[in-house]
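Undergrad: Under full-length UniProt numbering, residues 1 to 960 are what the sequence shown spells out, in order.
Derived from the structure by calculation, the hints contain no laboratory data. By construction, the Cβ of each residue, glycine as well, lies at the ideal position given by its N, Cα and C atoms. Be a bit skeptical, because a hint or two may be false.
To be verified - Straight line, CA to CA, 27 Å or less: simulated BS3-like cross-link-like pairs of lysine-lysine:
1. K942 x K909
2. K807 x K706
3. K291 x K593
4. K909 x K879
5. K645 x K683
6. K244 x K289
7. K414 x K244
8. K277 x K153
9. K277 x K482
10. K512 x K645
11. K952 x K819
12. K11 x K851
13. K28 x K879
14. K32 x K889
15. K598 x K20
16. K482 x K289
17. K476 x K289
18. K785 x K706
19. K11 x K785
20. K414 x K363
21. K937 x K952
22. K470 x K277
23. K552 x K198
24. K706 x K683
25. K113 x K244
26. K769 x K113
27. K807 x K696
28. K550 x K530
29. K807 x K819
30. K879 x K11
31. K32 x K20
32. K946 x K922
33. K332 x K352
Stated by the list, open to error - Have a look at the derived ranges for each label pair, beta carbon to beta carbon:
34. T177 x K598: 27 to 37 Å
35. T532 x V17: 45 to 55 Å
36. G93 x G535: 18 to 28 Å
37. G281 x G535: 28 to 38 Å
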Amino acid sequence: MDYNFKEIEEKWQQRWVQRKTYHVNEDKSRPKYYVLNMFPYPSGAGLHVGHPLGYIASDIYARFKRQQGYNVLNPMGYDAYGLPAEQYAIQTGQHPAVTTEQNINRYRQQLDKMGFSFDWDREIRTCDPQYYHWTQWAFQKMFNSYYDTELHKAMPIDVLMKHFETDGTNGIHAAQTDDTIAFSAEEWNAMDETRQAKTLMNYRIAYRGEMMVNWCAGLGTVLANDEVVDGVSERGGFPVVQKKMSQWCLRVSAYAQRLLDGLNTVEWSDSITETQKNWIGRSEGAEVKFKIQKNEDGTAQECDTITIFTTRADTMFGVTFMVLAPESDYVKQVTTDSQRAEVERYLEYVKKRTEVDRMSDHKVTGVPTGANAINPLTGEAIPIYVSEYVLAGYGTGAIMAVPAHDSRDYAFAKHFGLPIIPLIEGADVSEESFDAKEGIVTNSPMKGKRSTDGFSLNGLTVSEAIAKTKQFVSDKGIGRVKVNYRIRDAIFSRQRYWGEPFPVYYDHGLPKMIPEECLPIELPEIKEYKPTEMGEPPLGRAERWAWDTKRKQVTLNSEIDERTVFPIDLYTMPGFAGSSAYYLRYMDPRNDKALVGKAAAQYWRQVDLYVGGTEHATGHLIYSRFWNKFLFDLGVSFEEEPYHKLVNQGMIQGRSNFVYRVEELSTVDKPVFVSYNLRGEYKEVTPIHVWVNLVKNDLLDMEAFKQWRPEYQNAEFICEDGNYVCGWAVEKMSKSMYNVVNPDDIIRDYGADTLRLYEMFLGPVEASKPWDTNGIDGCFRFLRKFWNLFFDNRTGECLVDNSAPSKDSLKSVHKLIKKVTADIETFSYNTSISAFMICVNELGQQKCHSKELLELLVTIIAPFTPYIAEELWEQLGHKDSVCDAEWPKWNEAFMVENEMQMTVSFNGKARFQMVFGVDDSKESIQEQVMKDERTQKYIAGKNIVKTIIVPKKIINIVLK
1 MDYNFKEIEE KWQQRWVQRK TYHVNEDKSR PKYYVLNMFP YPSGAGLHVG
51 HPLGYIASDI YARFKRQQGY NVLNPMGYDA YGLPAEQYAI QTGQHPAVTT
101 EQNINRYRQQ LDKMGFSFDW DREIRTCDPQ YYHWTQWAFQ KMFNSYYDTE
151 LHKAMPIDVL MKHFETDGTN GIHAAQTDDT IAFSAEEWNA MDETRQAKTL
201 MNYRIAYRGE MMVNWCAGLG TVLANDEVVD GVSERGGFPV VQKKMSQWCL
251 RVSAYAQRLL DGLNTVEWSD SITETQKNWI GRSEGAEVKF KIQKNEDGTA
301 QECDTITIFT TRADTMFGVT FMVLAPESDY VKQVTTDSQR AEVERYLEYV
351 KKRTEVDRMS DHKVTGVPTG ANAINPLTGE AIPIYVSEYV LAGYGTGAIM
401 AVPAHDSRDY AFAKHFGLPI IPLIEGADVS EESFDAKEGI VTNSPMKGKR
451 STDGFSLNGL TVSEAIAKTK QFVSDKGIGR VKVNYRIRDA IFSRQRYWGE
501 PFPVYYDHGL PKMIPEECLP IELPEIKEYK PTEMGEPPLG RAERWAWDTK
551 RKQVTLNSEI DERTVFPIDL YTMPGFAGSS AYYLRYMDPR NDKALVGKAA
601 AQYWRQVDLY VGGTEHATGH LIYSRFWNKF LFDLGVSFEE EPYHKLVNQG
651 MIQGRSNFVY RVEELSTVDK PVFVSYNLRG EYKEVTPIHV WVNLVKNDLL
701 DMEAFKQWRP EYQNAEFICE DGNYVCGWAV EKMSKSMYNV VNPDDIIRDY
751 GADTLRLYEM FLGPVEASKP WDTNGIDGCF RFLRKFWNLF FDNRTGECLV
801 DNSAPSKDSL KSVHKLIKKV TADIETFSYN TSISAFMICV NELGQQKCHS
851 KELLELLVTI IAPFTPYIAE ELWEQLGHKD SVCDAEWPKW NEAFMVENEM
901 QMTVSFNGKA RFQMVFGVDD SKESIQEQVM KDERTQKYIA GKNIVKTIIV
951 PKKIINIVLK
């Protein structure tokens with residue numbers, strides 16, 4: 001029987017479905033293990049060979065844990081909302097739901113071929129109303145909650161309102177947008193509904209607020225930072241500007257410390273953990289007030305003080321100017337009339353710059369506001385500037401600049417000719433002496449030591465200096481001690497159609513929640529998917545998008561009367577809304593009474609292994625952790641952290657191929673291409689990407705190339721020995737580089753088991769590595785060789801017998817079991833596959849056909865290559881699935897080395913090898929060597945000066 005992978009894979013795809021092999025239920029008799037892949041977005045292009053890398057890695061681990069006796073949950077679904085589907089709808093008029101369904105079907109076909117152990121009965125799609133019902137529900141819960149900073153958890157907003165009724169803001173412990181708001185119980189009770197509602201927005205976890213956003217007029221929507229590249233939208237290349245808009249926001253900042261603390265409880269890589277810590281950005285310091293100097297003409301500014309946040313108030317003696325973020329309200333309040341036009345021009349420039357651009361581009365720009373502040377320690381007037389290097393979201397949006405001790409302040413001061421005052425005695429601040437990395441001047445015998453009026457910080461550590469700073473600010477009465485975080489609240493609304501609608505209606509401008517029992521509020525049908533002519537989001541085109549509070553249903557817009565019928569929110573939720581709690585829904589996907597039932601949530605608890613790309617380190621992972629912590633506060637989730645262990649798979653890069661057009665010989669109708677090694681013989685040669693499917697082992701199929709594109713039908717080739725050799729390079733997989741490899745083609749030619757094996761054999765899971773179709777033959781040949789241990793490839797006869805295994809075969813297999821078990825636990829799949837290849841070669845040489853050992857071999861290769869394993873398991877007489885075969889244990893006794901192989905050398909030159917017992921003495925080894933007839937040949941006619949023997953290492957006979 002030959003290895004017919006096509007028949008085998010088609011057969012087992014059907015069997016798995018018929019037998020519901022991968023269906024999972026809660027089973028308290030077995031320990032659970034939850035494996036999850038990051039939610040894929042189903043694009044129209046389908047999967048290329050880089051996409052399944054993480055899925056294969058997690059599937060191997062899921063199958064391994066199942067064989068170890070765990071009840072494994074390994075679900076899959078689709079992050080089905082997204083801008084690409086909406087843009088395609090705008091261009092073609094086709095509903096995004098239609099194209100999304102087509103894309104999902106294409107993905108499903110491809111995924112099914114690859115042999116994944118997904119429980120498709122648990123499939124979820126974010127565009128399904130039965131799914132986003134619970135996204136809307138969670139949003140409403142956040143709207144009706146505030147964060148108690150003393151209890152460190154979310155609490156009902158009603159609790160806060162009761163406090164206001166009796167005590168006002170006195171003694172409250174609540175995360176808030178503006179912590180300067182204060183009122184008495186009498187003032188609260190005197191407020192009308194509108195004013196109370198606006199006040200509560202200052203505390204709600206889901207709130208509506210004025211935020212600076214990346215506005216893309218070309219797409220008619222707000223974009224996330226990762227959707228903007230070099231000032232334009234990643235999709236479409238439309239200009240993006242900074243704009244202040246009223247948006248729904250989530251108070252992620254309230255959970256900052258818990259997000260930090262949670263990183264100590266998970267098994268994540270150091271790099272991801274550090275990235276998250278930096279994104280959260282905890283700083284201990286002080287808020288200090290700088291008074292504003294009156295204008296020279298005697299007129300007052302709109303504000304009396306500017307508040308800054310600093311971690312080192314001890315450096316205030318070195319402050320020589322202040323800088324405001326362009327978005328700061330302070331800019332308008334302090335700018336003088338004479339500078340207003342220049343400042344406004346500058347603000348227009350900054351609007352076209354994203355925060356990412358401003359943080360990464362260190363060029364110096366800025367303008368003076370014309371105003372001055374007073375240094376509270378020195379009493380000196382210092383100028384106030386506005387510059388893009390200061391961001392509004394961190395601290396107060398204003399900084400005190402200490403150019404002698406901060407690299408960006410230093411560059412700004414040098415550019416504008418501002419004073420630089422070192423806080424190190426005897427220091428001469430210059431470009432040569434300034435250490436930009438350390439942020440201090442360096443050419444002083446007192447390097448790093450700082451002195452201030454009243455106390456000395458010489459020789460203090462950073463933590464000691466911070467402690468001194470707190471006391472210093474308090475003693476001077478110039479501010480207050482504060483912990484600050486860089487992380488900002490999440491903007492939670494988009495001006496798009498294809499997204500989760502908000503379950504919100506507006507009663508005379510006040511947002512109110514649609515009753516929970518009426519959820520989900522389904523996305524309405526519209527005729528066009530672009531913004532309205534009035535600039536409203538696409539939902540402004542809906543004819544049936546009003547809420548009838550009496551009948552509790554969505555109704556026609558024409559019925560809006562602002563008494564019982566009100567307009568519904570026109571925004572939709574962003575992409576991360578649907579992907580923030582999907583792991584919980586997988587636990588109980590058909591529950592129509594709750595996001596997840598308590599029994600299921602208590603059983604599965606959290607994801608044990610989460611696999612996905614590093615690109616989600618500061619977006620999805622932050623928001624998802626925040627969302628889970630909120631649900632934990634509500635008692636919905638039973639673990640504070642959603643993902644215990646995180647593995648980031650690397651990227652599979654494309655291996656591009658090139659042909660070389662000879663410009664001096666080519667015409668429009670007849671291009672001439674020279675082979676790679678001959679290109680140096682011509683003056684002007686242009687490399688051109690060629691579709692990799694036309695190339696095998698870097699040799700071009702010239703006839704297929706001519707048929708590929710019309711302009712190449714008359715092409716001529718200058719060849720090497722009759723072959724056209726292509727050049728190659730490792731690049732990102734991209735359609736434009738013609739290096740995208742379709743997994744369907746690999747499965748068609750080699751089978752899914754070969755694809756799985758090869759992707760893991762390319763290198764460590766976490767590393768990026770180039771795809772090279774030239775190397776896939778080796779994995780295919782291995783599987784044929786593996787098959788041939790069981791069947792004679794000429795006669796088809798089954799070779800398996802009940803013979804007792806030899807010591808050598810036992811050692812080969814048990815070494816493999818030990819190696820693969822350890823490697824799977826550390827995701828070192830590539831070295832496992834190497835070990836498989838070695839073992840199969842050894843068993844072939846040993847002519848091992850023992851059923852006892854071959855069964856073990858099938859069980860441990862099953863996670864890697866499930867199709868061939870299932871077929872061989874059945875051929876060995878088993879009725880159950882190999883998925884449920886017990887993972888074998890190795891026996892150290894079989895791996896004891898009884899023999900050692902050593903090289904025999906004469907005068908240091910290796911001549912032959914011999915095998916000895918591991919316990920043989922030097923005398924015994926020497927005796928056996930001297931008796932060997934090969935030794936007699938080399939010593940004939942010569943004298944033995946000495947014999948050097950180091951057991952397990954060398955045997956050298958010195959002759960004269």
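Undergrad: Of the hints stated earlier, which fail here?
TA: Per hint list: 2, 3, 4, 5, 7, 10, 18, 25, 27, 28 violated.
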